Structure formats: structure tokens, C-alpha cells
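Asker: Per my numbering, the very first residue in the sequence shown carries number 7; after that it's consecutive.
I should point out that these hints are in silico values taken from the structure, not numbers from a laboratory. It cannot be assumed that every hint is accurate.
As the list claims (entries may be wrong) - Quick list of the computed label-pair ranges, beta carbon to beta carbon:
{"#": "1", "residue 1": "A64", "residue 2": "L117", "range": "24 to 30 Å"}
{"#": "2", "residue 1": "A64", "residue 2": "L91", "range": "34 to 40 Å"}
{"#": "3", "residue 1": "R33", "residue 2": "T161", "range": "19 to 25 Å"}
Unchecked claim - Calculated lysine-lysine pairs in the DSS-like style (CA-CA distance at most 30 Å, straight line):
{"#": "4", "residue 1": "K118", "residue 2": "K128"}
{"#": "5", "residue 1": "K287", "residue 2": "K74"}
{"#": "6", "residue 1": "K274", "residue 2": "K183"}
Note that the structure is a prediction, hence the values are computed from the model and not measured. A virtual CB, placed ideally from N, CA and C, is assigned to each residue, including glycine.
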Amino acid sequence: MEYDLVFEGGGAKGMVFVGALAEFYQRDHTVGRILGTSAGAITAALTAAGYTTDEMLAALNEQDSEGKPVFTGFMASPGNFSDDLIENGAFSKLLHNFDIPYVPTMIEQVLKNIVLKFFAEKKPANNLFSLVERGGWYSADNFLTWMQQKLDQGTFNGQPRRFSNLTLAQFHAETGKDLTLIAADTTSEIMLVLNHRTAPDCPLVWAVRMSMSIPLLWQEVIWQRDWGAYRGKDISGDAVVDGGLLSNFPIELFISHDPQITAVMGEKHHNNVLGFLIDEKLPVPGAEASVQEARSGIDIAELQTVKRLSGLMNTVLGARDKSVISAFEDLVVRLPAKSYGTVEFDMSDQRRSLLVEAGRQSMQTYFKSLAEPSRSPSPTPVQMTPQGMADRMAERMLQQ
7 MEYDLVFEGG
17 GAKGMVFVGA
27 LAEFYQRDHT
37 VGRILGTSAG
47 AITAALTAAG
57 YTTDEMLAAL
67 NEQDSEGKPV
77 FTGFMASPGN
87 FSDDLIENGA
97 FSKLLHNFDI
107 PYVPTMIEQV
117 LKNIVLKFFA
127 EKKPANNLFS
137 LVERGGWYSA
147 DNFLTWMQQK
157 LDQGTFNGQP
167 RRFSNLTLAQ
177 FHAETGKDLT
187 LIAADTTSEI
197 MLVLNHRTAP
207 DCPLVWAVRM
217 SMSIPLLWQE
227 VIWQRDWGAY
237 RGKDISGDAV
247 VDGGLLSNFP
257 IELFISHDPQ
267 ITAVMGEKHH
277 NNVLGFLIDE
287 KLPVPGAEAS
297 VQEARSGIDI
307 AELQTVKRLS
317 GLMNTVLGAR
327 DKSVISAFED
337 LVVRLPAKSY
347 GTVEFDMSDQ
357 RRSLLVEAGR
367 QSMQTYFKSL
377 AEPSRSPSPT
387 PVQMTPQGMA
397 DRMAERMLQQ
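Generate coordinates for the entire structure from the input sequences, incorporating the hints supplied.
Answerer: Here it is in C-alpha cells:
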């Protein structure tokens, strides 16, 4: 049976998707349209690129030259700031507003320039500089390189993958896959629904990069002019961050029958939609309770602002996402991730294996529940919930 798949955001917890997909494919199901936000965008892109679960597992087990999980490098120290940014950016303006008593102007200027260089170039001061100037504590350059490598490894339909330099339109033409990724334009204050219809000239790797940019954690992305327009609008120079800022689980975009929505998302060929939802309240069998920051090696103080923002986002978006999830519960498989951290990229092999296996078991339980006499094996949105709700919610999302 073919399903349209929706992958929620969740950082490192998104590794649970691999186990769920393994069980999904084991049952000979196939993939139709694919939609992802944040970490879900990574899984969505790899799924669209034809990655098998064995290939995904191999990616999860990759290590760097020091024997650490390759994902730890996603939180790289920022650098390579231009002289213009250092000399004329917000940090510089902030410093120049301070007057040092009893120090001659010329000497004061020299001291301020030394401070600027220090914050722009020295660790960990450059993290603060990056946060002020680029909206994120860490650089995601290593992630971008990793994603490009993944899109050029292995084969697709018997031919070598060569997807890393493709735009969304070119990727669709090459693969025939209908991929949509969600991001948030904080300059124009709109949600970006990125696919070959809405942003044909946007590079695939940058669409993924924008969608996974958790605000204040990773540097924001500036939309480039040669990426073309978004739905006919020039958004060149706009700052773009994680799609979870506006919707972490936009399943209604696949459920809606509204012509305005299908014009953006593509025609519905069936009513089979399956949402992969990360549930932090469900325990992972065999996994010990842990505090994420202690395992990651990241100082808690560095992430306090991110944690506060995350709490605000969860509060604001919680009611919206929860109402949709509740209405379409039969289309959602809940994947356990309790005690796992959003940035726990350095989790041990054992913890990662337990998370993947928990995803597989949850998917197995979900499909078994559909086979129960009291449940329809092929539920449709119209039978389970007011269709108008999905249409209205989807319309509002596109208007945000």
C-alpha cells in the first residue's frame, strides 16, 4: 500500500525514524509524497533520495577520525567571519556604544578592535559572536558537507546518486519524488513550504539546511538571490530558520482536499497518510534515564537561551499541533524518545540501537492495531475527522 509520509522535527531523536521505516518497508508498503520538518526534513530528503534503512543505519553508525559519532560535528565552532561583518556588524556597534573612562579615543579604538577580533576568532568567544551576528551558537557547515556527501553516495534506480548540486525542481525531475520541506522565514514572517512547485530553483541541500536550523542553536540561513522566488515572491536576503518555529508536524497539508493546498502540495492520489511523531513521554525500552547535556559534553549554560526558546515554541505551538494530532490520531504512529536529548548527537551505540529498535516496535504495534476488528485497515481522513478542520488549518499555515 502506498502512503504519504510526514516526519516530525526532533533533532537527534529523529534517529528513531530509521527503525520505524524498517518496519514500514518490511510490510511492503511504498512511499508517495514526503513531508518533513527540521530533523524530519533530513529523513524525508534521504527517503526521497531512495535511501534504504540499511543505508540509513550505516549513516547513523559513522564515526569521525577520532572515533566519535560523525553527528557530533554538526555542532561545529563558527568561524570565517568576513572583515566587513566584524567591523560593521551588530557586535561592533554594541562595543562602540561603550566609552572607556580616562582612555584616549585612539587607544580606545585599538582596544575595541582587539576585543572584536578576539570574539570573532577565539573559542568559545566566537560562539557568542556567531549568536549575535548570525543568530546561532554553532555553525552547521559540517552538516551541510555531510548532507552533500549522502546525496552523492550509493545508487538510485541502479544509477549513481548525483543529487547534491540539484535544485528542488531538478531533484524532482531526476527522481520523480514529491518532496516538501518546511522552514520559517523570520524576515517576512511566513512559513516556507519548499518543494519543486513553490521554490523550484532552491538547492535541495540548502532547503534541508534551512529546515533543520533550530533558532539560536544553529546559524540562520540567508536566502540567496540565485535561489529564485518563493511562490512568486522575491525573498532574497531574508533570514530563514527551522520550520518547527511555525509547525513541527504539518500533517494537515497532506490531509486537506482544498484546491489551494493541493496546488502547493500536489494532487492526492489516495487517503493513506502516515505521520511519524516523536513522543518524549513514551519510554524507550531498556534505555536508562539520562540528562542530555551531561552526555553531550555541552555546557548547560550555553544552551539555556535555546532551551527557553524551545519552551516558548512548545507552548505556542503545542495547542495547534496537539489539536491536529488528536483529530487525526489514527494517522499517527507515536515513536518513543523519553530521556533522549534534542542535541544528543553523541549518544552511545547502545542508546542509539535501543532508540532505533523502539521505533521499529512502535511501528509494528501501530500496524497490528489497524488489523484489529474494531479498526479499519485503511482509514480515510473523511471517516475519522471533520475534513473542514484539515482544510482550515492547512490554509492558515500557508497564510502565516
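Asker: For the pair supplied as a hint, K118 and K128, is the alpha-carbon distance within the 30 Å limit?
Answerer: Holds - the C-alpha atoms of K128 and K118 are around 15 Å apart, at most 30 Å.
Asker: Is it true that the CA of K287 sits at most 30 Å from the CA of K74?
Answerer: This hinted pair holds, its Cα atoms lying about 28 Å apart.
Asker: Can you let me know if the beta-carbon spacing of R33 and T161 is within 19 to 25 Å?
Answerer: Cβ of R33 to Cβ of T161: about 24 Å, so the range 19 to 25 Å holds.
Asker: Does the Cβ pair A64, L91 satisfy 34 to 40 Å?
Answerer: 38 Å, holds
Asker: Is the Cα-Cα distance between K274 and K183 30 Å or less?
Answerer: With a Cα-Cα distance of about 14 Å, the restraint between K274 and K183 holds, given a limit of 30 Å.
Asker: Can you tell me whether the CB distance of A64 to L117 sits inside 24 to 30 Å?
Answerer: 52 Å, violated
In this structure, only the earlier hint numbered 1 is contradicted, and the remaining ones agree with it.
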